[in-house]
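Student: Working from the sequences, and respecting the hints, build out all of it.
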Amino acid sequence: MEHPCDVSTKKLSILNSSGENLAGILHDTGSKDLVILCHGLIASKDFRLLVSLAKTLSNAGLSTFRFDFSGNGESEGKFEFGNYSKEISDLHDVVLYWMQEGRLIKAILGHSKGGSTVLLYASKFKEVNMIINASGRLDLRTGLDKLFNKDFLDKIEAGPLILKNSLGNVFHVTREDLMQRLSIDVVAAVRTIPKEIRVLSVHGSEDELVDVENAIQCDSLIANHTLQIIPQHKATPTRKGGVFRLLLRFLGGRSVLLAGLCVASLTSAKEWGGG
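Residue numbers (full-length UniProt numbering): 1 to 275.
A hint or two may mislead.
Keeping only pairs whose Cα atoms sit at most 30 angstroms apart, straight-line, the calculated BS3-like set for lysine-lysine is [said to hold, decoys possible]:
(1) 55 with 32
(2) 10 with 106
(3) 78 with 126
(4) 32 with 106
(5) 164 with 11
(6) 164 with 10
(7) 106 with 124
(8) 11 with 106
(9) 10 with 126
(10) 126 with 195
Computed spacing ranges between beta-carbons, pair by pair [as the list claims (entries may be wrong)]:
(11) 153 with 6: 49 to 57 angstroms
(12) 252 with 153: 41 to 49 angstroms
(13) 124 with 19: 15 to 23 angstroms
(14) 157 with 194: 37 to 45 angstroms
(15) 78 with 157: 32 to 40 angstroms
(16) 158 with 10: 41 to 49 angstroms
(17) 252 with 126: 17 to 25 angstroms
These are computed hints drawn from the structure, not numbers from a lab. Even for Gly, the Cβ is constructed at its ideal location relative to N, Cα and C.
Tutor: Okay, structure coming up:
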């Protein structure tokens, strides 16, 4: 068993190609290997899921960097519902920054909308050969009636739709934002991810917001893909340290005692905002 190592925590900002500062937190174990963590829709780097992941990976000796996409959390910029291309650009800027700092990007993990973003990133940039998709969505036309209401197409003609996260923060979704999202074909993009890039998809079997079929479809579309479906029960979230052990094996064979950590949130998009 590996024992938790000394970890230094540092807040910093990275300038993106649009001239906006992206706020992030580095958890530095002294290792040059770095895992980048990407949040989901209407979430941030400070949501409990990413904080828990950063701690777990740090205890296994891996440095991590979690950051806010532009327009989210403490980062500069305007929130946009359908800005996947902007998030891909943000992520690319973050990767280049750390490469220039001498870091080896071990993997990128994205949750929910962040899962979709990291898959799109892998189809465009070949800089990182390990991608972890946690509860990402492939068909961006789906799930909108769960985020809003079934009559959202009528309502958006009258004005922006409203989203709220678990902290009570309010986000506005314009018609332009919605149309931008609907124009993105994630399925076509993931088909082009080269076999040199390893992709792990982790998804809860009972995810009510992003259906597990999204992960199953990834398995048929991506050349070098590992699928892990986590059995869940709607009424009783289970404690499965095995999920974290799976992540650590995927990241290079490290082992650490993780029993007792609640990972239901890792495999469900509901608590953290939908994809």
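Student: State for each hint whether it applies.
Tutor: These are the hints, each one checked on the structure:
1. 55 with 32: The hint holds at about 17 angstroms.
2. 10 with 106: Holds: residue 10 and residue 106 sit about 19 angstroms apart, inside 30 angstroms.
3. 78 with 126: 28 angstroms, holds
4. 32 with 106: 9 angstroms, holds
5. 164 with 11: 26 angstroms, holds
6. 164 with 10: 29 angstroms, holds
7. 106 with 124: Holds, at roughly 18 angstroms.
8. 11 with 106: It holds: about 20 angstroms lies between the C-alpha atoms, which stays within 30 angstroms.
9. 10 with 126: Holds, because 28 angstroms separates the two Cα atoms, which is no more than 30 angstroms.
10. 126 with 195: 11 angstroms, holds
11. 153 with 6: 49 to 57 angstroms: At roughly 53 angstroms between Cβ atoms, residue 6 and residue 153 fall inside 49 to 57 angstroms, so the hint holds.
12. 252 with 153: 41 to 49 angstroms: 46 angstroms, holds
13. 124 with 19: 15 to 23 angstroms: This hint holds: roughly 21 angstroms between Cβ atoms.
14. 157 with 194: 37 to 45 angstroms: 41 angstroms, holds
15. 78 with 157: 32 to 40 angstroms: Given about 22 angstroms between the Cβ atoms, the range is violated.
16. 158 with 10: 41 to 49 angstroms: 46 angstroms, holds
17. 252 with 126: 17 to 25 angstroms: Holds, at about 20 angstroms.
Hint compliance for this structure: hint 15 alone is broken.
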